[in-house]
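Place chain S on chain Y using the hints.
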Amino acid sequence: MRPGLPRWIYLPAFLGGLFVAVPLLAVVVKVDWTSFASLITSSASVTALLLSVKTAAVSTALCILLGVPVALVLGRSRSPVVRWVRPIFLLPLVLPPVVGGIALLYAFGRLGLLGRYLDAAGIHIAFSTTAVVLAQAFVSLPFLVIALEGAVRSVGVDHEAVAATLGARPTVVWWRVTMPMLLPGLVSGAVLAFARALGEFGATLTFAGSRQGVTRTLPLEIYLQRESDADAAVALSLLLVVVAAIVVAVVGSRRLASGGLTSGVGS
Amino acid sequence: MGHGSWFKGSTLVAIALTVFGVGVSGCGAQGADQHKAITVYAAASLRSVFDEIKKRYEDRNPGSTVEFTFAGSSDLVTQLTQGAKADVFASADTRNMDKAEAAGLLADKPVNFASNTLVIVTAPGNPKQIHGFADLAEPGLVVVECAAPVPCGGATHKVAQQLHVTLTPASEETSVTDVLNKVTSGQADAGVVYRTDALLAGPKVATVEFPEAATAVNHYPIAVLKSASDAVGARNFVDLVTSGVGQKILQQAGFAQP
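Chains Y and S supply the protein sequences, listed in that same order. Heads up: the first sequence at position 23 corresponds to 23 in our numbering, and the numbers run straight through without jumps. If you count the second sequence from 1, you need to add 1000 to reach our numbering.
These are computed hints drawn from the structure, not numbers from a lab. One or more hints might be untrue.
In silico SDA-like pairs for lysine to any residue, Cα to Cα no more than 25 Å straight-line [unchecked claim]:
hint, chain 1, residue 1, chain 2, residue 2
1, S, Lys1158, Y, Ser237
2, S, Lys1204, S, Lys1099
3, S, Lys1099, Y, Ser237
4, S, Lys1128, Y, Asp119
5, S, Lys1248, S, Lys1158
6, S, Lys1085, S, Phe1068
7, S, Lys1204, Y, Pro87
The following block holds chain S by itself, in its conformation from the complex:
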């Protein structure tokens, strides 16, 4: 028994040392990298467009690379305030960028580079005949929206208030992707998502636009961070996003002018 536990103990220590060792050498390798690499913290909804912009950036700046962390904007702000190092932060709403600014994380003023509006998505062919926001209040309809604290939920509530429409959603999801999934998987009859999400879902959904969406537009700000290891590279990336090239890529994905 004594012998057995000794063996087990030493094995565990060896495993622990290996794990920590690998972690340390991983960081070392990154630090020794000759290439210039910028790290961009970006809202999850920007994934496809930023992947495209990254290609342009790396073409224009040979030897430079862009690394992304995509997550919900509020998660990203939390990570940054807890000491995560990054060069650029792109948020899906001004509220989270304001939080980053209040925490003293930004090297300069944030710039709005895109906006996104709400649309209704339904099953392909719109079998429940939904033609406007007010139709969502129809009894018997299974509607899913974002919860109020999430940016898309805040916008949905704003529209509902202005139209004096009371929605009784079957679920208030924590992310817009979850709303979309509930519709594409057929669980819900309709959901309120961003135009860009509807475009990404392609033929799996029918999109219903409603004019009142214009009253609850979501703005996307971007800024260089104080913790930037390559401030020049970070600046170049922000400039590329706000340039004509960046704007064209954004608009192809369904984003509107800032």
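Chain Y with its partners taken away, still in its complex shape:
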């Protein structure tokens, strides 16, 4: 039997719920519904939304590509070097995004540490959609790594050891045993990374600039609309809230509850 919660705890829990719900509700109340449809279907809005979804999808793929090996190493390795290096991967989680943007600028910008060589080779990252993807991946990677690392730790190596003793080759063990067990953690991590990428603002503005159809994602469009047309900014904000809610609700909530993140945070 589950031990019961003290009854008073529902009051602060309820306040906590209101704390999150009321501002979101305020956006809904503020929306000018008569012009809502025209505001969110303007060409600038649609372009920004499509760019956001597209770049967030690509940056999530990049996070999976880079984050899965990182999470496996962090979760499995006993090396003290790995223990020392681990905080670096989590740093973008606590850094203000604008700092991430500045860091990326001096790495991949035209005169940056790597950027100057890329530029000489004819690869121009500044002001391109690639810059948006890099900014998003930079800030989202730790979300995926944390979620998956937790899953890696909680799953352990017993099943793989059994598979190996039964004669399965490492590649077969990887695809048939390891990956299926890590899938819930990977999905929850990918969803979090996607949601974070979708909302990325500071690093993008600092590093990639703002140009319609190229680098101006939905959060940047909202920020710009705010200057001239507050109603449009509110309508677009609601659009972003809805898109984020769909991502979290449809794919995320069950995974987040049962997947790797909870154990990842606990460990």
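Same frame as chain Y, but now just chain S:
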């Protein structure tokens, strides 16, 4: 488990109470202040000059202090219409001051106290040989400007239209500071900013003036607000800004006569 969550819960409540408590006592301390303090909401581009004018104000009015909130003019108007209390509002364009006036926030008519004109900034030494606005349309040049809804962007578009020059900017930034940063960090070859921004950047940029800037001058209005807690102090501050002393400080920073 039950015991553990109880502890956690009570800790959180304690933290919440501490945070709110500090917030409340902070406000209380301000209210009990014996000094007269005026709050000035000012456009971010006025930061350095207003810091200077604040010193003069506090010298002339012993016991009085000036507190600033610097931000983009449209952010400031939004905050004021949402109930922020301030004594003076200084905007970087007439459009945002008009918004404040339409919202019934002003105690009197706004006065223009300065103007700012556009210039082109490039890397030091002007390596791309840009000598006028039309040069910005040169293919292969990475140009950054403000987006149209921002005051500096509106002015840039006006000049481009008058000259029948079509710019293809690499980026349309939300603030003039972002344009400047893209040039000083070497990301862009050229950017269109205000003369005052170029002066602030000093040797980090080369400045190229163009005569057509005179057709898209940006005016800075200032006004006393209805919500002023010290209307006399607010009036004195506005008078100081428009006085010879204030004008001299403004002109040293690159602002032109209103």
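**Q.** Restraint check for Lys1099(S) with Ser237(Y), where alpha carbons must lie at most 25 Å apart
**A.** Distance of about 22 Å is within 25 Å: holds.
Q. Are the Cα atoms of Lys1158(S) and Ser237(Y) separated by 25 Å or less?
A. This hinted pair is violated, its Cα atoms lying about 30 Å apart.
Q | Hint consistency between Lys1085(S) and Phe1068(S) [alpha-carbon to alpha-carbon, up to 25 Å] | A | 12 Å, holds
**Q.** Restraint check for Lys1248(S) with Lys1158(S), where alpha carbons must lie at most 25 Å apart
**A.** 29 Å, violated
Q.
What's the verdict on Lys1204(S) and Pro87(Y), does the C-alpha distance respect the 25 Å limit or exceed it?
A. It is violated: about 35 Å lies between the C-alpha atoms, which goes past 25 Å.
Q. Does Asp119(Y) lie within 25 Å of Lys1128(S) when you go C-alpha to C-alpha?
A. Given pair Lys1128(S), Asp119(Y) holds - Cα atoms ~17 Å apart, limit 25 Å.
Q. Lys1204(S) and Lys1099(S): Cα distance at most 25 Å?
A. Distance of about 36 Å is beyond 25 Å: violated.
Hint compliance for this structure: hints 1, 2, 5 and 7 are broken, all remaining hints hold.
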